[in-house]
Every structure is written in C-alpha cells, then in structure tokens.
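Enquirer: Residue-level listing of the chains:
2 protein chains.
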Amino acid sequence: METVLTNKDKQVIISPDHPFVIIGERINPTRRKKLAESMAQSRFDLVQEDAINQVSAGAQVLDVNAGIPGADEPALLRGAVEAVLGVTDVPLCFDSANPDALEAALSIYPGKALINSTTAEESMMSRVLPLVKKYHAAVIGVITDESGIPATPADRLAVARKLVQRAADFGIPAEDVVIDCLALTVGADSKAGRVTLDSMQLIQSELGVNLSLGASNVSFGLPDRKIINVAYLALGIARGLTAAITDPTVPEIQTTLMACDLLMGRDDYAMRWIQAFRRREKAKAAAQS
Amino acid sequence: METVLTNKDKQVIISPDHPFVIIGERINPTRRKKLAESMAQSRFDLVQEDAINQVSAGAQVLDVNAGIPGADEPALLRGAVEAVLGVTDVPLCFDSANPDALEAALSIYPGKALINSTTAEESMMSRVLPLVKKYHAAVIGVITDESGIPATPADRLAVARKLVQRAADFGIPAEDVVIDCLALTVGADSKAGRVTLDSMQLIQSELGVNLSLGASNVSFGLPDRKIINVAYLALGIARGLTAAITDPTVPEIQTTLMACDLLMGRDDYAMRWIQAFRRREKAKAAAQS
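Top line first, the protein sequences correspond to chains A and B.
The opening position of the first sequence corresponds to residue 166 in the working numbering, with each subsequent residue numbered one higher.
The opening position of the second sequence corresponds to residue 166 in the working numbering, with each subsequent residue numbered one higher.
Worth flagging that the hints you see were computed from the coordinates, not collected in a lab.
All values reported here derive from a predicted model rather than from experimental measurement.
The reader is advised that the hints may include incorrect statements.
Straight-line Cα separation of at most 20 Å, EDC-like style, residue types lysine to aspartate or glutamate; simulated pairs [what the hints assert, rightly or not]:
(1) B:356 <-> A:182
(2) A:199 <-> A:182
(3) B:447 <-> A:389
(4) A:356 <-> B:182
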C-alpha cells in the first residue's frame with residue numbers, strides 16, 4: 166500500500182517497498198524555549214533554519230507544530246507553514262489537535278499533506294476526518310480511543326481497524342491512513358516496547374496499512390536514550406514500520422535508518438549508502454581543513 | 166524452545182524469552198596474525214586474554230576456533246579449549262569443520278557445548294550429528310546443502326527442516342538445533358539482507374527453533390561496516406534472532422543488543438540497561454581520572 170504525499174510537483178511515497186520516510190520533528194515549540202519565543206512573536210527564521218537543516222540531513226517530510234499555550238494557533242501554524250514553504254519543497258505534516266489550525270494550514274498548502282493526528286475517539290475522528298477528505302490529505306491515526314490505549318496487540322488491531330473503517334466512511338482510502346502504534350515508555354513497563362512491536366506486525370499483516378511512530382517516548386526517563394531510540398527504529402522497521410517522526414539531524418538516526426533501508430532491500434547496489442558515506446567523509450575533511 | 170548450554174554448573178539459555186546471547190567471536194586465528202602465530206606455537210595467552218575480555222564485555226558463550234592452515238587442529242583446538250576453561254566458566258562453542266578437532270574438544274569439555282557448525286549436506290551431517298548426540302551437545306545448522314544456499318525463504322525453510330529432521334534421526338531434539346540463516350553480503354546483492362530476514366521469520370514461526378547468525382558478512386565490501394552490522398542485529402532480533410556470533414568488545418554492538426533486550430521485553434524494570442549505563446559511566450570516570 167502506498168501513501169503518497171506531495172508538495173507542488175514533489176512527491177514522497179510511504180510504503181514498505183520504498184526507502185523509510187523520516188518526518189522531521191524539530192519544528193515544534195514544545196520543550197524548545199528559543200523556538201517557542203520567536204514563534205510567539207510570529208518570527209519564523211528559526212523555523213526556516215530547522216526546515217533547511219532537517220531536509221539536508223535526510224528528512225523527506227517535515228512535521229510543523231505551532232502549539233504554544235495562549236497563542237493563536239491557526240495563525241501561527243499558517244505562518245510557520247508559509248515560512249517553511251518559502252525555503253523547501255518537501256511535503257509537510259501538520260501537527261495539531263486543533264481543527265481550526267489544521268484547516269488554516271491545509272487551506273494554503275499546495276499539495277497532499279499529512280495530518281498528525283487523529284485518535285480513534287469519535288469526537289476526534291468526526292472533526293479531523295472531514296478535513297482530511299475535504300483537502301485530500303492523508304492522516305496519522307493513533308491507536309487510542311475512549312478507553313485509552315489497549316493493552317494487547319489484538320485490541321490495538323481492533324482500534325486500527327476502527328480508524329481505517331471510520332476513514333472509509335468519510336471516503337478516505339486505507340492507503341491514506343497511517344497508523345501510529347504508540348510507543349509507551351519501557352522505563353514504566355518493561356513489556357511496553359514488545360507490545361508495540363507485536364502490534365505493528367499484526368496491524369501491518371492484517372490491514373496492510375503503513376505505520377509511523379513517534380519513536381522517542383519509548384526511552385523516556387532512562388539513561389542513554391539515543392541508543393534505545395535508534396535500536397527501536399530498527400526493530401520497528403523489521404516489523405513493518407515505514408515512517409517515523411524523528412530527528413534526522415542526529416547522525417546515528419540518519420545512518421541507522423539508511424543501513425536499515427540497505428538491509429531491507431530498499432537500496433539498489435547500495436548506492437544511497439555509498440553516497441551518504443562519501444558525503445560524511447567530505448564533511449569530515451571539510452571540518453578538519 | 167530453549168537451547169540450554171552449560172559449562173560445569175554454569176548454564177546459558179538461548180530462547181526468545183531470555184536475553185539475547187552473544188557468542189564471542191574473537192578466539193579465531195583467521196585474519197588475526199598475532200593470534201595465529203602464538204596459537205601455532207601452542208601458546209594460548211592471547212586466547213585467554215580474548216576470553217576474559219569478551220566475557221567482561223558481555224559474551225555469554227565463547228566461540229573457539231583453532232583453524233590454522235598446516236597445523237594439527239585437534240591438538241590446537243583442545244589446547245585452546247583447555248586454556249579458555251582455565252580462565253572462564255561460560256559455555257563454549259567449538260568452531261571447526263574437522264570432526265576430529267570437534268571430538269578432541271568435546272571429549273574434555275565438562276558440560277553441554279555448542280558445535281559450530283554443520284551444513285545440511287549429507288556428508289557433513291553424517292559426520293557431525295553423531296558427535297552432537299554422543300557428547301550431548303547442541304549444534305548450529307547452516308542453511309546450505311549440496312545445491313548451495315537457497316534463494317528464497319521458502320527454500321531456506323526446507324533446508325532448515327531437513328537439518329532438524331536429520332538431527333531427530335540421530336536422537337537430537339529440535340531445541341538443540343540452532344539455525345543460522347546465513348547473511349550474504351548486500352554489497353553483491355541488494356536483496357540479500359531482506360531474504361535472510363524473511364527466512365528468519367518464516368523458520369522461527371514454522372519450526373520454533375532458535376536462530377543464530379554470523380552477522381558481519383552482510384556488510385562485506387561496504388564502507389562503515391559497523392553501522393550496518395549493528396543495524397542488522399537489531400533487524401534480526403525483531404525477526405526472531407536469539408543469538409549471534411559477534412564481537413562484544415565493540416561498544417556499539419554491546420549497547421545495541423542490550424537496548425534490543427530492553428525493547429523486546431527481556432529486561433525487567435530496565436535493570437540491566439541501567440546497570441550497564443552505570444558501568445559505562447564508571448569506566449568513563451576512571452579513564453578521565
């Protein structure tokens with residue numbers, strides 16, 4: 166199944182047969198004080214810097230979040246999206262729980278965006294899915310509903326099925342629903358990582374949909390989080406994960422995801438691997454000279 | 166299914182429900198000139214050093230190889246095993262294609278060893294499997310037979326089935342056959358990594374056996390091999406890999422495998438992860454003082 170995202174002429178395909186899609190997470194004022202302060206003043210120079218850096222580090226899609234407490238989120242998200250469109254042509258992902266903010270961004274966007282996200286709560290789906298349909302977007306469906314996050318892979322499959330079915334009710338095809346299996350922290354529950362991995366495999370094999378993940382929660386509260394997060398992406402990829410909202414400017418994330426593409430048979434003649442190696446060598450040489 | 170290895174009172178269990186088992190690969194004179202020279206003179210001080218270093222780096226089992234062209238392999242393997250038994254109590258894996266060398270090691274070993282390896286060639290199985298039975302050992306069965314290495318996961322499953330069935334003919338239970346799905350190099354064939362990963366999943370789900378891998382072949386001929394090898398271990402673990410013959414003294418291998426245990430639900434309360442982090446911090450502090 167292929168989830169096609171576009172920005173004008175530029176197209177990105179999320180699918181098990183294509184390279185893993187990195188959705189750059191950095192344009193998000195939560196826990197980034199400097200970025201939040203500048204965005205709150207409707208200044209988007211740091212947003213643009215983050216856009217450029219992430220794309221050059223390998224992000225194929227950029228997540229844009231403008232959630233600042235007390236601020237006018239629709240205006241800010243629209244402003245941030247305009248700023249990003251001014252410096253890059255990769256497809257965008259609009260990250261908000263506010264339907265007005267989502268619509269403000271969707272209405273000016275020249276392509277097929279990804280919406281991050283809806284849960285399987287009826288109150289949420291009934292507000293977000295009509296926007297997905299109206300603007301011909303794709304949507305990330307998060308595996309949680311009125312009862313919370315299901316404990317077992319079978320119950321998570323049921324919630325994923327509900328998301329796909331409700332989307333179909335609104336005329337949205339399954340390929341435009343990307344499921345997020347939710348990585349809870351293994352620091353709180355040692356089995357949390359495993360349940361999510363098993364859910365991914367089950368949902369992928371039963372529904373055939375693409376899977377995304379916000380992969381850094383899993384390590385919350387533990388030391389050496391980067392090692393855990395990188396390992397989790399690799400484990401996820403072997404279980405059907407096709408995209409992740411993550412930070413491509415972290416070298417280990419970038420190189421491991423590229424190695425996974427190579428090892429999953431998505432890098433013919435190891436061309437991308439070898440080219441990326443040469444870029445790293447050049448960058449090293451430039452840094453030393 | 167549990168593959169139990171022992172050395173006197175010490176026991177190691179290979180199974181999907183236990184921490185991943187690192188079989189330390191370093192005691193192997195192939196491509197290690199200094200080690201080969203000393204072993205050829207029946208000096209085993211470097212062998213002992215490698216044994217101690219690997220165990221302290223997290224190897225639960227040690228592979229012992231004494232294959233030096235022109236040397237008396239049975240005598241050398243026996244000498245190396247005696248030397249290793251003198252400094253550590255972890256279970257051992259005897260790595261030889263020479264049945265006399267295997268028997269020389271098995272006959273003095275105080276426990277249940279792992280034999281590395283037999284192929285599914287009849288000429289090989291008929292020599293190795295009787296030794297496995299006689300000395301109550303376990304064996305690594307490599308997915309290749311008279312026709313070479315099968316191209317598809319289904320054909321590799323058939324070879325794995327043959328290995329398990331011939332072992333049963335000799336009275337060896339399936340839990341004592343650990344299958345090596347063979348990682349061919351992705352530099353020569355872009356799909357090689359994927360075929361092996363798909364084979365792992367198929368063989369694990371159909372036969373329930375444990376899986377091991379010599380994981381470093383996969384990156385042969387490519388740059389930045391370590392990143393590829395580490396990613397491959399993580400991908401393999403998500404597909405049922407339960408052990409690997411690898412180098413635990415490489416920090417990235419050690420930490421990634423431990424992160425995978427945490428994420429696969431095999432590290433209750435993240436105790437091992439946190440303890441290993443503290444050991445790393447101590448080692449760093451000691452190195453700086």
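Enquirer: Next step is simple, just say for each hint if it's right about the structure.
Expert: Against the structure, the hints come out as follows:
1. B:356 <-> A:182: The hint holds at about 12 Å.
2. A:199 <-> A:182: Outside the cut-off at roughly 39 Å; violated.
3. B:447 <-> A:389: holds, 14 Å
4. A:356 <-> B:182: Satisfied, since the Cα-Cα distance of roughly 12 Å is no more than 20 Å.
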